[in-house]
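There are 2 protein chains.
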Amino acid sequence: MKLLQKAILPIGFKAYGVSAGIKKSGKPDLALFFSDVPCKAACLFTSNKIQAAPLQLCKEHLKKSKTFQAIIANSGNANCFTGRQGLLDAEKTAILAAKALGIKKESILIASTGIIGRRLPFEKIKAALPKLVSGLSSQGIEQAKLAIMTTDTFAKTAMIKCQIGAKVITISAVAKGVGMIAPNLATMLCFIFTDANISQKALKSSLKDAVDNSFNCISVDGCMSTNDTVAILANGQAENALIEKEKNLFTFKNALNLVCLELAKLLIKDAEGASKFIRIKVWGAKNFPQAKSAALSVANSNLFKTACYGENPNFGRIIVALGASGVDLKEKDLKIKVSSLKKKDILVDVWLNQGNSSAVVYTCDLTPEYIRINAEYN
Amino acid sequence: MKLLQKAILPIGFKAYGVSAGIKKSGKPDLALFFSDVPCKAACLFTSNKIQAAPLQLCKEHLKKSKTFQAIIANSGNANCFTGRQGLLDAEKTAILAAKALGIKKESILIASTGIIGRRLPFEKIKAALPKLVSGLSSQGIEQAKLAIMTTDTFAKTAMIKCQIGAKVITISAVAKGVGMIAPNLATMLCFIFTDANISQKALKSSLKDAVDNSFNCISVDGCMSTNDTVAILANGQAENALIEKEKNLFTFKNALNLVCLELAKLLIKDAEGASKFIRIKVWGAKNFPQAKSAALSVANSNLFKTACYGENPNFGRIIVALGASGVDLKEKDLKIKVSSLKKKDILVDVWLNQGNSSAVVYTCDLTPEYIRINAEYN
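Keeping their order, the protein sequence lines are chains A and B.
Its first residue numbered 380, the first sequence is counted upward by one per residue in our numbering.
Its first residue numbered 380, the second sequence is counted upward by one per residue in our numbering.
Don't take every hint at face value.
The list makes no distinction among identical chains, and a pair is therefore deemed to hold if it is satisfied within one copy or across any two copies.
[Stated by the list, open to error] Within a straight-line C-alpha distance of at most 27 Å, the following computed DSS-like cross-link-like pairs (lysine-lysine) qualify:
#1 Lys660 / Lys428
#2 Lys714 / Lys438
#3 Lys385 / Lys402
#4 Lys722 / Lys655
#5 Lys428 / Lys711
#6 Lys428 / Lys665
#7 Lys443 / Lys711
Hints in this document: simulated from the structure, not taken from any laboratory.
The structure displayed is predicted, hence computed values, not measured ones.
Sequences are here, hints too, so could you generate the full structure?
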């Protein structure tokens, strides 16, 4: 297995991206991903109680349809807190795209990212659709990846190939951040494409595992977006033996984990204002949820993150965050090791000595630049 | 009832503060509060699982003794994460102070605030004790209030007088912050003195109510300290009819609430780097815990706090924080009102329309100055 940060689409997938004028800047803001044949799909969404219109529509489609063939996504507008009108706009977008692609409306997934509370400029999307559809190509991920960016400073892609029986399958993915750090840019999108032949059940459990170990293990500012969406489409074009269980499923899960973790790390590296990449590992917790809670409590501590920015090795701030996490621990059992704060990559290791579970979380420092970006954003 | 920000000690109390050399700066760092007669006492401590040595010792004394006569507190060192040595140092301090005051060790409460993980300089405290005890006077709150400060830019006191039957009772209090914002300055201390004659049960429930409605309703950076302590001593010298229940208890509770809320607001006003004072009120929640959770979720959102600093009225950030709070709400029922962000005092009102409960939380903005202070602190 070889993991790359450059992605080309697997067999049978096409993509494209255009500037529809949703962003004031005129930068690309409308992306389309398409499979020549129907795909199995799995999706995970934010657990925020406010969910943007496209998420609501996706959930409806996932109930109604068993196969999917396209994902349409825009940046520059989150279509969130837009009420009934927002749902109508999302639906009209799906209907129009389905018509242009010659597929059913229910086999389209839809995603939006950008500012909250403003109406989606549907007419602009409508006007841009013909160009978007006619541009679809097997190389079009290059345009599509740009069209989902908001304050991202670079596009994020990853690809892996692995052997399933006699065949090689490919998993390619594109993501945009900027972490969970900018919920009103609303926020994290990740679209994953594979030519693997895999059962619906195996696809769903693989995605859940991969997300739990990657996107759910990163934190920029502890804020949770209304639009976070991770979707995977599997079109079976690699013609491998069906991935269902045991060795093949293990191989697929492992590959998908690597792709998602790579993208999650890229999101943290491109977090707003970040100057440090911080890995926090908690060892010896009673169970995985406790290990993760302890690590996240440190990752979300403004005081710890500010100390990292200041290169100020103040271990008291780690202790305080651990104690406040609610996780079982005793002062006398606690051991903490922190690598040099002078370097760009910082490693924090915490031993709770309460059990045998561990968890890793990735985060970044809190900087004046984060405040500048978010104070001035409109 | 008249609430003042200037406090004089109630009948029978004395205080003093000196420079013991615990702080490198040479500023006052050791305070003593003393009552001529034994007092009833009630205390509340941080819920952080790491608890500093003085908190552990206080809890032991509260179990062993029914009356208290003194509080000794130092700044500049939290005596936290100092293991068995820390407990010994706290105990030796209590023993020495008790001897100098001619009282039992168990009738002393002890508190520390300052940096975590360094040994308490007991010898310096020992050397300063004679001067501290001989300086005790009914006006000594002026010195004592300075000796508990860390990065506070001003001393915080409040006082109220109220009528209980034919007598006037006084509640005077002193607090230091700087909010919950600097756990490694470890952090919030509040000492309250009253000459009221009040039952143990009434004193305890009054303190809990007051803290729930004041110190537990403020947040600077969501960080929870290891040393937070609120203590009240009641010496009965006002000779009022015993406060136990009904009207008299209601009056006392009301007065204590006002004192604590005043100090809580002062803590927020003096929060590190803060340029805005923000009041968040959530209306129409199903119950009080939900109202408070929703309000705290907004108060702890870095994005919302940064928007306040930038005077950028971005209501999407409030919506995101509310949705992430886990509280029952529906997009269509939500109503939000925000006063002008250009002013120093910002009012946020949120109507959930799910029930009849409300809660108020106070916080401040997140500024580059907060980062500067906490990045450079050693």
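> Which of the listed hints are broken here?
Replying inline: none
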